[in-house]
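For the record, the sequence lines run as chains A and B. So for the first sequence, our numbering puts the first residue at 220; every next one is plus one. So for the second sequence, our numbering puts the first residue at 346; every next one is plus one.
These aren't lab readings, by the way, just hints derived from the structure by calculation. Glycine included, C-beta positions come from ideal geometry on N, C-alpha and C. A few of these clues could be false.
[Unchecked claim] Computed spacing ranges between beta-carbons, pair by pair:
#1 B:Phe-505 <-> A:Leu-247: 18 to 28 Å
#2 A:Ala-221 <-> B:Lys-355: 48 to 58 Å
#3 A:Ala-243 <-> B:Arg-511: 35 to 45 Å
#4 A:Arg-250 <-> B:Arg-511: 21 to 31 Å
#5 B:Ile-497 <-> A:Met-220: 31 to 41 Å
#6 A:Ala-236 <-> B:Gly-386: 36 to 46 Å
#7 B:Ala-414 <-> A:Ala-221: 20 to 30 Å
#8 B:Leu-417 <-> A:Glu-225: 24 to 34 Å
#9 A:Ile-244 <-> B:Arg-450: 34 to 44 Å
#10 A:Glu-225 <-> B:Glu-454: 41 to 51 Å
#11 A:Glu-225 <-> B:Ile-497: 19 to 29 Å
#12 B:Met-522 <-> A:Arg-250: 24 to 34 Å
#13 A:Glu-225 <-> B:Leu-452: 34 to 44 Å
#14 A:Ile-244 <-> B:Ile-446: 14 to 24 Å
[What the hints assert, rightly or not] If you only want the chain B side, here are some residues facing chain A, beta carbon under 10 Å, derived:
#15 Ile-358
#16 Ala-359
#17 Ala-361
#18 Pro-492
#19 Leu-496
#20 Tyr-498
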Amino acid sequence: MAKLVENAIGVLLVFLAAGYAVLAISRLLARREPV
Amino acid sequence: MIATGMTTLKERIAAAMLACVGWCALALQYYLLSGITHEMGLSWGASLLRFLSYFTIQCNVLVALVLSAFALREKHSEWTVHPFERSAIASYIAVVAVVYIASLRDLWEPQGAQWLADVLLHYFMPLAYLAFWLVSMHKAGLRWYDPLLWLIYPLFYLGFVLVHGRWTGFYPYPFVM
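Build out the structure end to end from the sequences listed, making use of the hints.
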């Protein structure tokens, strides 16, 4: 159970990192998009 | 090239072609998996549920749906949709590729048609969708806390996998058992 929780937190952190990477790229490129 | 805010014919054709590859890859993977589950004596429903219990499959279905919608939508109504969902899917499919490369690909050695499905679902479609998202999809309007909201789906998925696993004894990934 402890291993499962540890793995689940690890995977969720990967999702969070990917999400913020996507957000950062979006913010960067969105400046060049027409409103 | 950057997203212009308008869907061009070229973009719609590219989306249609990528969606087609995605649906074909999913159909191939289902065909291959159903052959195995049939030998195991699983019912059609149990086989379909097992197929859909893979996060890779769910994400590729989402990718194929978004690309199909992109290809089929009216030219000028394309950008009325908030980029929330498309960017969320970009993060999910990126995780599919990263986790597969980092911890799953060494666990097996697919051959033949299974190799093709593996490459399409874990490498080609993630890269293709991310490239398409980068080049052609509208990205403005995301909020700083959107990545936190994007965690809701993986959390639901984790719950689904644990309940399905407890019920059937099948866990699609070694790190969620």
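Here is what the structure says about each hint:
Under the hint 18 to 28 Å, the C-beta atoms of Phe-505 of chain B and Leu-247 of chain A, about 34 Å apart, miss the expected range. Range check, Ala-221 of chain A to Lys-355 of chain B: about 52 Å between beta-carbon atoms, so the 48 to 58 Å window is met. In this structure, Ala-243 of chain A and Arg-511 of chain B meet the distance hint of 35 to 45 Å, their C-beta atoms being roughly 38 Å apart. Checked against the given bound of 21 to 31 Å, the beta carbons of Arg-250 of chain A and Arg-511 of chain B, roughly 47 Å apart, lie outside it.
Under the hint 31 to 41 Å, the C-beta atoms of Ile-497 of chain B and Met-220 of chain A, about 23 Å apart, miss the expected range. For Ala-236 of chain A paired with Gly-386 of chain B, a C-beta distance near 41 Å keeps the hint of 36 to 46 Å intact. For Ala-414 of chain B and Ala-221 of chain A, the hinted distance range of 20 to 30 Å is not satisfied, since their beta carbons lie about 42 Å from each other. A hinted range of 24 to 34 Å is violated for the C-beta pair Leu-417 of chain B and Glu-225 of chain A, which are about 43 Å apart.
Remark: the range hint 34 to 44 Å for Ile-244 of chain A to Arg-450 of chain B is contradicted by a beta-carbon distance near 25 Å. Glu-225 of chain A and Glu-454 of chain B have their C-beta atoms about 28 Å apart, which leaves the hinted 41 to 51 Å range violated. Distance hint for Glu-225 of chain A and Ile-497 of chain B: a CB-CB separation of about 21 Å, consistent with the stated range 19 to 29 Å. Between Met-522 of chain B and Arg-250 of chain A the beta carbon distance is about 44 Å. The supplied range of 24 to 34 Å is therefore violated.
For Glu-225 of chain A and Leu-452 of chain B, the Cβ-Cβ distance of about 19 Å falls outside the hinted range of 34 to 44 Å, so the restraint is violated. In this structure, Ile-244 of chain A and Ile-446 of chain B meet the distance hint of 14 to 24 Å, their C-beta atoms being roughly 19 Å apart. Checking Ile-358 of chain B against chain A by beta carbon gives a least distance of about 21 Å; that is not within 10 Å, so the hint is violated. Because the closest C-beta pair between Ala-359 of chain B and chain A is about 18 Å apart, greater than 10 Å, the hint is violated.
With its C-beta approaching chain A no nearer than about 23 Å, Ala-361 of chain B sits outside the 10 Å limit, and its interface hint is violated. A distance limit of 10 Å between C-beta atoms decides the matter here; for Pro-492 of chain B the minimum to chain A is near 3 Å, and the interface restraint holds. For Leu-496 of chain B, the interface hint holds, since its Cβ comes within 10 Å of a Cβ in chain A; the closest pair sits about 6 Å apart. Contact between Tyr-498 of chain B and chain A, as hinted, is supported at the beta carbon level, the nearest pair being about 9 Å apart and thus within 10 Å.
Consistency note: the structure conflicts with the earlier hints numbered 1, 4, 5, 7, 8, 9, 10, 12, 13, 15, 16 and 17.
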